[in-house]
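Going line by line, the protein sequences match chains A and B. The first sequence begins at 60 in the numbering used here and counts up by one. The second sequence begins at 7 in the numbering used here and counts up by one.
By construction, these hints were calculated from the structure, which means they are not laboratory data. Glycine included, each C-beta is placed from N, C-alpha and C at the ideal position. Any given hint could turn out to be false.
One-sided and incomplete, this derived list gives chain B residues near chain A with beta-carbon spacing under 7 Å [unchecked claim]: (1) L9; (2) L12; (3) L14; (4) A21; (5) A81; (6) F99; (7) V497.
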Amino acid sequence: MIPLRALVRKELASLFGSPLAYLTLTGVALVTALIFFDHLRVYNQILFLYSSTSLGGFDADAIPDFVNLRDQVFLPVMETLGLTLIGLVPLVTMRVFAEERARQTDELLQTTLLSPTEIVLGKFAATFVFVALLLLASFVYPAASILRAGLGLEHLAAVYLGLFVLGLALASIGLACSALTASQLVAAVSAYAVAFVFYDFSWATTFTGETLGPLLDALSLHPRFGRFSEGVVRVADLVYFAGYAVVAFAVARLSLEQARVR
Amino acid sequence: MMLGELALAGLVALAFGVGSYYATGAFGAFGVVNVASGGLALAAAAVLALRGWRGFGSPDARRVLTPPLLGLCAALAGSVALERIADARDWRFDLTFERRYELAPAMHELLTSRGGDVRATLFCEQGDPRCRSTRILLETLASASGGRLAWEREELADEPESADRFGITTSNTVVLERGERFAKVERPSEGSLYEAIQRLVAEPAGFLYVARGEGEGDLRRTDDVGYSGFAAALETEGYRLRDLVLAATDEIPADASALLLLAPERELRADAFAALRRWLDGGGRLVVCLDPGQRSGIEALLAEWGLDVPDRLVVDPASGPVAGDPTGVNPIVHQFADHPVARGLGETRMVFFRGARPVIPARKPQADDDLRAVAFSSRRAWLAASGAVADGARPPERPADAAEDYQPLAATGRYPRVGSEARIVAFGDCDFAANRNLRGLYNQDLALNAVHWATDRTERITLRPKALPPHQFPLTPQETLRMLYGVGLLVPELLLVAGGLAWLRRRSG
Numbered sequence: 060m061i062p063l064r065a066l067v068r069k070e071l072a073s074l075f076g077s078p079l080a081y082l083t084l085t086g087v088a089l090v091t092a093l094i095f096f097d098h099l100r101v102y103n104q105i106l107f108l109y110s111s112t113s114l115g116g117f118d119a120d121a122i123p124d125f126v127n128l129r130d131q132v133f134l135p136v137m138e139t140l141g142l143t144l145i146g147l148v149p150l151v152t153m154r155v156f157a158e159e160r161a162r163q164t165d166e167l168l169q170t171t172l173l174s175p176t177e178i179v180l181g182k183f184a185a186t187f188v189f190v191a192l193l194l195l196a197s198f199v200y201p202a203a204s205i206l207r208a209g210l211g212l213e214h215l216a217a218v219y220l221g222l223f224v225l226g227l228a229l230a231s232i233g234l235a236c237s238a239l240t241a242s243q244l245v246a247a248v249s250a251y252a253v254a255f256v257f258y259d260f261s262w263a264t265t266f267t268g269e270t271l272g273p274l275l276d277a278l279s280l281h282p283r284f285g286r287f288s289e290g291v292v293r294v295a296d297l298v299y300f301a302g303y304a305v306v307a308f309a310v311a312r313l314s315l316e317q318a319r320v321r
Numbered sequence: 007m008m009l010g011e012l013a014l015a016g017l018v019a020l021a022f023g024v025g026s027y028y029a030t031g032a033f034g035a036f037g038v039v040n041v042a043s044g045g046l047a048l049a050a051a052a053v054l055a056l057r058g059w060r061g062f063g064s065p066d067a068r069r070v071l072t073p074p075l076l077g078l079c080a081a082l083a084g085s086v087a088l089e090r091i092a093d094a095r096d097w098r099f100d101l102t103f104e105r106r107y108e109l110a111p112a113m114h115e116l117l118t119s120r121g122g123d124v125r126a127t128l129f130c131e132q133g134d135p136r137c138r139s140t141r142i143l144l145e146t147l148a149s150a151s152g153g154r155l156a157w158e159r160e161e162l163a164d165e166p167e168s169a170d171r172f173g174i175t176t177s178n179t180v181v182l183e184r185g186e187r188f189a190k191v192e193r194p195s196e197g198s199l200y201e202a203i204q205r206l207v208a209e210p211a212g213f214l215y216v217a218r219g220e221g222e223g224d225l226r227r228t229d230d231v232g233y234s235g236f237a238a239a240l241e242t243e244g245y246r247l248r249d250l251v252l253a254a255t256d257e258i259p260a261d262a263s264a265l266l267l268l269a270p271e272r273e274l275r276a277d278a279f280a281a282l283r284r285w286l287d288g289g290g291r292l293v294v295c296l297d298p299g300q301r302s303g304i305e306a307l308l309a310e311w312g313l314d315v316p317d318r319l320v321v322d323p324a325s326g327p328v329a330g331d332p333t334g335v336n337p338i339v340h341q342f343a344d345h346p347v348a349r350g351l352g353e354t355r356m357v358f359f360r361g362a363r364p365v366i367p368a369r370k371p372q373a374d375d376d377l378r379a380v381a382f383s384s385r386r387a388w389l390a391a392s393g394a395v396a397d398g399a400r401p402p403e404r405p406a407d408a409a410e411d412y413q414p415l416a417a418t419g420r421y422p423r424v425g426s427e428a429r430i431v432a433f434g435d436c437d438f439a440a441n442r443n444l445r446g447l448y449n450q451d452l453a454l455n456a457v458h459w460a461t462d463r464t465e466r467i468t469l470r471p472k473a474l475p476p477h478q479f480p481l482t483p484q485e486t487l488r489m490l491y492g493v494g495l496l497v498p499e500l501l502l503v504a505g506g507l508a509w510l511r512r513r514s515g
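Pulled out of the complex, with its shape left as it was, chain A reads as follows (with noise of 0.2 Å):
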């Protein structure tokens, strides 16, 4: 356990030694920032049209019930966040397998008391640690603008719960690219290309026809977030996303192992 505590922080360590993690985080909470205000913005001035007197004000229930907070402006931030994860999160896991590759420090590290499991096991846990602190930085302003509105905590905690499976299974998708490659480049595209293609199979039906198309939209990630951002936590979501991690995890082993027969 302390050996593979170690190599937890090790990785912590080489990923906070470099500015790559901040950019990454300050991208995170810039983007959230600016695009959680943009749509405040619009969303007031949607709100003060509707309530203009020529339009009856506020006591005329002249505004329409979709022009809300909840769906104006906390939903959109959400979804755009969740795009977000997918174009920083392949920049923190391409380094993890692949730069020990190309440096060949992974040989190194096979000579440890660590085991592959355990490798792979702290490699992935360091990485997961690391979207939770993505999510933490894009935090405040959904938080705030949940809890001004009255919404409630509870469908905040479900949206960042959603948030957070979702990262963990671009991560995977991120970690599995970068153990089946020596180049962070290739990781990074490849893992780019997968989670794009992953994150809504709706376009598969014009080649799949109606029949596989469900089975289709059954793998994609984006209705499986949707349901989260609307507050609604599904045990069959959950271990959809968890699969991503089980199944990531098990390929990482599989290509550490081969590297050694090699």
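Using the hints provided, position chain B relative to the given structure of chain A.
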């Protein structure tokens, strides 16, 4: 070409093909070529990968690689199996503030016992964010219905014929079909879907006659003081409404399931009273509401049937100001008797009246009759003169001799007679069912359940799904900008400084 490069090229081509689909909403030549070439490249990479595994054919390699390979297969199979099991069980938690995906008992009852063979189609434009919550709602309904409700999603742009047929003008519209009948819901919520399904499955419940001609509340009037909402709700419940001009009739029609008298303002003719008496003697069903300050003679008729409705105003200081009126004149009711009309109502499911007079079950006309008060004010209520707040300014002051007590605001009477049973439901206020107030709190449920009880349809008495108003809090654009530059950019700024310091330290170290 190497395996890695081939796979990478394939993935990138696939991603660009998919990207073009998202950008344009359709697969053009660029998208098709990219997806096809990407798929081919990935397939070729897979073949190469499989061929590459031949190099690991030695017994030692197999010994090392077999466990992780089996682990990968087990991870895949286990994940899929667990997900399918969880999906089939549909364990879910609704964490929304208003529990918008937890269905009301009335919806459960409707779906499981009456709402068979209903097909719902959600028509959406691509990218309409509102469709997602509707989709989850329809999923929840389908799951709760046990197969009695099926649903599907259609692209609005792909279905111009359906749009024409159903008159769909906006995205996020649900069309419910049952046999040849259909109902369109443009702002889907549990409540609106409930009403639409109800309209589809409702069996005709007989004729409900509505008295007209003496200044009664108007079921066709759609403004705040009209009763068109009540009329629509009654029709949704299966009632067929018919006008009855009491001034021009000597008999209440025999096919009347009940007669609705909404606050007549003028004195009814003697012939009309005689017809009402004969009808009630023969087992008629009357739902009547009377506002304070009105004298139509109905008070005397009700008194004959044991219900006193003195022309006084109930002032309940426990009720705060409602709709700009002084405190106490609009009683908010949370005390109900154990009676079918008030089933489910209570401290968390309240009703409010807009100026009410008491309805007191005073004396039974016959020993077997059953008179019951069903809704009460608080214990602090007292009775004022009916014109006490005519100027609408200040709450009336309680005279020293006015006693405080629970004041009955609605009452029912059952009058078993040989071969028939008359029923009366009387409310001390009519405005509670007017358009402005009907959807407030549980007013609609009380009004509809009273009609159901009067017409002996107690199995239909329920509390219907409610929709909370959305949160709309305003900020001026200036305030928004001040928030952005005041605190909004602080977190990214601090993170950037920390990153710069880490980089400088690394360089110097």
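Interface hint outcome for B:F99 [beta carbon to chain A under 7 Å] = holds (5 Å)
Quick one, is the B:L14 hint okay against chain A at 7 Å, beta carbons?
-> Hint on B:L14: holds, closest Cβ of chain A at ~6 Å, below 7 Å.
Taking the closest Cβ pair, is B:L9 under 7 Å from chain A?
-> With a closest approach of 10 Å, the B:L9 hint is violated.
If you take the shortest Cβ to Cβ gap from B:L12 to chain A, is it below 7 Å?
-> Hint on B:L12: violated, closest Cβ of chain A at ~12 Å, above 7 Å.
Go through the hint on B:A21 and say holds or violated, using the shortest Cβ distance to chain A against 7 Å.
-> This interface hint holds because 4 Å falls under the 7 Å limit.
When the nearest CB of chain A is found for B:V497, is that gap smaller than 7 Å?
-> holds (5 Å)
How about B:A81: closest beta carbon in chain A under 7 Å, or not?
-> Hint holds; B:A81 Cβ to chain A Cβ min 4 Å, cut 7 Å.
Of the numbered hints listed earlier, those contradicted by the structure are 1 and 2.
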